[in-house]
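Peer 1: Those protein sequences? They're chains D, U and L, same order as listed.
Per the working numbering, the first sequence runs over residues 988 to 1184.
Per the working numbering, the second sequence runs over residues 988 to 1184.
Per the working numbering, the third sequence runs over residues 988 to 1184.
These are calculated hints, taken from the structure and not from any lab test.
Predicted model only: the values in this text are computed from it and were never measured.
Among the hints, erroneous ones may be present.
Any copy, or any two copies together, can satisfy a pair, since identical chains are not distinguished.
[To be verified] Heads up, simulated DSSO-like pairs for lysine-lysine below, C-alpha to C-alpha not over 27 angstroms straight-line:
(1) Lys1018 / Lys1065
(2) Lys1184 / Lys1018
(3) Lys1184 / Lys1065
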Amino acid sequence: MSDRQPHPSTSAIPDEIISRRNAANFPLRHKLIRVLFRAVWLLFASWTPPQLRRWRLLLLRLFGAQVHPQASVRGGAKIWYPPNLEMAANSVLADGVECYNMARISLGEGAIVSQRAFLCGGTHDYTRATNPLVTRPIEIGARAWVCAEAFVSPGCVVSEGCVVGARSVVSGVLEPWGVYAGNPAQKVKTRDFDPNK
Amino acid sequence: MSDRQPHPSTSAIPDEIISRRNAANFPLRHKLIRVLFRAVWLLFASWTPPQLRRWRLLLLRLFGAQVHPQASVRGGAKIWYPPNLEMAANSVLADGVECYNMARISLGEGAIVSQRAFLCGGTHDYTRATNPLVTRPIEIGARAWVCAEAFVSPGCVVSEGCVVGARSVVSGVLEPWGVYAGNPAQKVKTRDFDPNK
Amino acid sequence: MSDRQPHPSTSAIPDEIISRRNAANFPLRHKLIRVLFRAVWLLFASWTPPQLRRWRLLLLRLFGAQVHPQASVRGGAKIWYPPNLEMAANSVLADGVECYNMARISLGEGAIVSQRAFLCGGTHDYTRATNPLVTRPIEIGARAWVCAEAFVSPGCVVSEGCVVGARSVVSGVLEPWGVYAGNPAQKVKTRDFDPNK
């Protein structure tokens, strides 16, 4: 959020990176995957302890997610559509995270998303009476940390090493190794980081 | 929020539009309706798919809500006290919405309240040692959109066509067709709107 | 938050009041207490009506909490580690409160924490590659009110009589009888208070 502007999550959407449609317009196959995955996750994963990490990754892969064997998704995380999830080594989705990946959501190496954060990949174009759905990808860079209960807006790029403070609301492209806080979030400092400690 | 003041949700309550009492002072009938409705909703509505819209409206009407046949309340929405709910045609309460209607909460035609937003109709008068309950109505105007996880304070008027951005916290009287964001929310622009698209 | 600075929840941690370790490093006894308590609370307390207040206090005491007989913890409150909880007379933890007491969390006489507020006693030192856990105590002073869905950062002192507005995010040491709102929260006024009403 280099410009420090307050923002609604849908402001200034560049046409080239969004897709517009009605929620009801998802193809049948897409809907079936979601309904089936939700049931499978509820029954076989949502209650599992942290130790069953590999089992949950297996389920996610069966439903089309691209998740590294060293990634971690807790049972209490909610994935909207597995085919739109991409996780690198040592990346983490904690309990209670809402991964609303109507468009692709990707986590870089070592990226951590803490409990009950909301990664919001969809919104609506409120300039039209039909309110069409607008989906936009989210990127969480390597070693970034999205703290507890933060909100990441559609289209947001949380760059490498960023810290998004607890309960912050971010949008746009964040600066690498920036520490952000507030609603709307502002950059409050550059992150010190010692790779050897 | 024409004055752009930060605010606690209870600041500056005009005496003529509030009611003061203790939570424990609700009449027995009021409490019974709430307990019974909560049980009925949990058992017969909370888990129902979107398609059973009319069934849920029927339950709400049985408990005293005034809901238009074209309104929509998702199973995951939580209504505190149905007799205080009023919904016009094509208005929507999404999953996870907390409709804490200790006073009347009304939605105009086409008003949309997105997932996990909190419509908070009650607070306490913290200037008195007895902390009396204060209830104030909330109005969501026609074509307004309260985005995901936003917070609407007691007594707030979200005027016609307003957009309250995701996670924003609003209070007071918002300007018609204003777009608001932040905590506390500020008006960030006027909403463009094309009724023909 | 006397300095009115935006802040991530982990900024400027004075070394003398924090403890650093890995989450995995809690002693076995500590982990067992947590697992056992979570199961016991889920089965025997989480669904209980407000009237069974004394029963819930009994369970908390059995697991090491120091809670006054006149304190109140609702069934829907989530206590992470009872031995780190201290509650004075007439203090309240409402439904949905996350009491994440990785370090001690104490409530003074008459202190109220409203529904779904988050008392966050732990974070991570993001300046080190190993991301060590950092725990810090939280103090809620006598007669303070943490409103619905507010967030209290690790190490925060909510002083006597403070009001932390709904959805506010506070950190640092708040001024006694200050009213705070926003994210990051600012002091918006001094609380009027009449002890005789």
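Peer 1: All the hints need checking, so say for each whether the structure fits it.
Peer 2: Results for each hint:
Taking the shortest alpha-carbon separations for lysine 1018 and lysine 1065, both the intra-copy value of 16 angstroms and the inter-copy value of 25 angstroms come in at or below 27 angstroms. In this homomeric assembly, lysine 1184 and lysine 1018 come within 27 angstroms of each other (Cα to Cα) only across copies, at 26 angstroms, whereas the closest approach inside a single copy is 46 angstroms. Proximity of lysine 1184 and lysine 1065 under a CA criterion of 27 angstroms is satisfied in neither setting, with 32 angstroms inside one chain copy and 33 angstroms between copies.
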